[in-house]
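J.: The primary structure of each chain is shown beneath.
Number of protein chains: 2
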Amino acid sequence: MIPNHWYNIVPDLPAPPPPPLHPATREPVGPDDLAPLFPMELIAQEVSTERFVAIPQEVLDVYRLWRPTPLLRARRLEKSLGTPARIYYKYEGGSPAGSHKPNTAVPQAYYNAREGVRKLTTETGAGQWGSSLAFACAQFGLECEVWMVRASYDQKPYRRSLMQVYGATVHASPSPVTSSGAKILADDPGSTGSLGIAISEAVEVAAAGDDVRYALGSVLNHVLMHQTVIGEEALQQLEEMPDVIIGCTGGGSNFGGLVFPFLREKLAGKINPTIRAVEPDACPSFTRGVYAYDFGDTAGFTPLLKMHTLGHDFVPDPIHAGGLRYHGMSPLLSHMYELGMFEAVSRSQSECFEAGVRFARTEGIVPAPEPTHALAETIAEALRCKETGEAKVILTALCGHGHFDLAAYDRYLSGAMEDFSLPQERIDEALTGLPG
Amino acid sequence: MIPNHWYNIVPDLPAPPPPPLHPATREPVGPDDLAPLFPMELIAQEVSTERFVAIPQEVLDVYRLWRPTPLLRARRLEKSLGTPARIYYKYEGGSPAGSHKPNTAVPQAYYNAREGVRKLTTETGAGQWGSSLAFACAQFGLECEVWMVRASYDQKPYRRSLMQVYGATVHASPSPVTSSGAKILADDPGSTGSLGIAISEAVEVAAAGDDVRYALGSVLNHVLMHQTVIGEEALQQLEEMPDVIIGCTGGGSNFGGLVFPFLREKLAGKINPTIRAVEPDACPSFTRGVYAYDFGDTAGFTPLLKMHTLGHDFVPDPIHAGGLRYHGMSPLLSHMYELGMFEAVSRSQSECFEAGVRFARTEGIVPAPEPTHALAETIAEALRCKETGEAKVILTALCGHGHFDLAAYDRYLSGAMEDFSLPQERIDEALTGLPG
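Residue numbers (full-length UniProt numbering), protein chains in the order written: chain A, 1 to 436; chain B, 1 to 436.
Rather than coming from a laboratory, the hints here were simulated on the basis of the structure. Among the hints, erroneous ones may be present.
Said to hold, decoys possible - Listed next, the stretches of chain A that the computed footprint assigns to chain B, with coverage defined by at least 3 CB atoms under 8 Å from CB atoms of chain B:
| id | stretch |
| --- | --- |
| 1 | 72-78 |
| 2 | 153-165 |
| 3 | 361-372 |
Glycine residues also receive a C-beta, built at the ideal position from the N, C-alpha and C atoms.
Let's have the full structure, built from the sequences with the hints guiding it.
T.: Encoded structure:
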């Protein structure tokens, strides 16, 4: 059964997360500050103190295309590891965009359409979020305009095509159609772009249009809340409660969506799982970043968010897990990490692809590069169980398939996969750019 | 619920299909002739007169990765067409390989493994069947060796990567590792290969090895029978019985798998749907071929099959629906077509892609090029209903996603999609090569 509600963990926390601040006044931002960018219903959800938010019937009607998603026991992986652990995974790759992103793209498009918005703008890196939003906009008759980082636009034409099949307009970013893009092109006509620049362009166009709004694919509270359909379904589907829950983190939406419903049960004293976030060695915001107010984008257009950050000037090395290349982290998850509600570890690119290939060969699904981080940690945990003899129940989320990422697998199989070391000086340098 | 049996339509037919013949003796081939290529259980299934064959638990355990597959009503497509028709589709694209092919790859690998086979060989064109078999072999610890048509091997490296991620060995065909391949390379070192050549190579290696067998992804009775999980599930899932059932046909496995269970109910007098096969204008074996004994491959290595064929020398134009580019047709479906059990029509490439884009924008799933043929006909049927005011129930199968086919969509969206005319002389010419 598809859950009929999303779960908002905020009112269940021992302390509320620090609010976003206006960069100029340093006062908490209010609904009026956000209204040019988001529809009122999403602004209300962002600050809601209701524990449960009903999922509208129109959203359920689209969720039905791929939900409920399967929760599977990885028996063949367990056997290949020789572990007494029992490994379960929730698979989100059967969605039309091939990942968990449509879980929030669909309600975002729905609420915008209901409030009379004509067009949504967004940025995308490798294209997973852009294609999810393009899909969702098509379902509700909204136009969709996407700024895609130039480097990906040129290297990954098929992800651009996917957005165009859904009817979206896709610009290479920096683009001449915005003043922020034009300014960068004037200085550097060959700019390959960045997520930060693409955000600036999408926000600029949304802010300028009465019936145009902006959509974000992770980081914010309402985005994480929409993703709780993953964890709510898993709670229903599991035959036994997990001892360990493992998820990958970039902006935090896949992880939050998986673990929040289990954390509710943990806070209620019903279960007591260990919960662990896994991030790339190349972009370790939890494990090597600081907890501070910082901008969500590179250009400094967004409100200040209290979060784990490597500094908004930090440019992660070009790992294949594009969805985990974000300098910051969900403020809500950052707050919960400070409260000690979960652990975090990091993993190298090559050990993640090794886990991805092992998973494909045993369980049959080729994972996207992002969830290979969770799989690498899951395998490590299962091997620890083998040593200790503990028959732990491990739950993880396989948040997308790797059918768009076979060039990366090709590199790995041919022995050409890079690992990146991240010297402390690079982090220290980026952190000097934190707003005072 | 996943069905616990496959349905074998042969014993329910008013007359049995003509048997395959040995090319030299013109006598029906027996199990001994097939034993070098297939395991005994599949040979038994090929000639079975049992109506139902139980699906082994080990196969069900793998089916569970993506089955049951969703059966969905295309309400947004209906609305965009303004039709009173009610359109349902069964979606097979959530499988690990992204199509319906694993439905038969998994049992084929299972039965081979159970009979002690060490390695399976096969051919693949664009890679859908090769990656499905590679996936299935990985599940049961079999080696997998694939001959991939050189043109695809070079143009579609990511499908090759997918097979390699699953641990398969992939050769560009013609390859120097077989005598049939070496012979062709000696004559034409730059040969881009063909499905016929690739079959010859895979069959040669299978026939030469005691513990090596060959696997075919369509055409044969047992393959179509494995695919009946599609139709059996749809029968359970449908809220109302269809008036029209529409599927695309290449070798026939997707179509047979969808319609056989409904034909059983029709033969029993319980329902009375119109059933329609859709093939490409560029490869019209039902609508423009002849019903005759012909070889299954180009080189003439296989038994003679009584089927609708364009002649085994026929080389279809390079349409993007690679899975429908086959000169022949399932002998079982060919026999049933002669019995008048279903209709057949053909569609052009550009109208198929137009249907694919319309479907993606309304229903949200980007279809593979093959099922766009069924969608084009479904849309045409729904528009006829709009004219007549009939509220027909239409069922179709969306047998795969198009995430590997975005280059083709890109061509369509940029206005560069080709349509091919097929002059009668080309068919007549190819038919002169039919075995006397």
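J.: Run every hint past the structure and note whether it holds.
T.: To see whether the hints hold, each was checked on the structure:
{"no.": "1", "hint": "72-78", "verdict": "holds (count 3)"}
{"no.": "2", "hint": "153-165", "verdict": "holds (count 7)"}
{"no.": "3", "hint": "361-372", "verdict": "holds (count 6)"}
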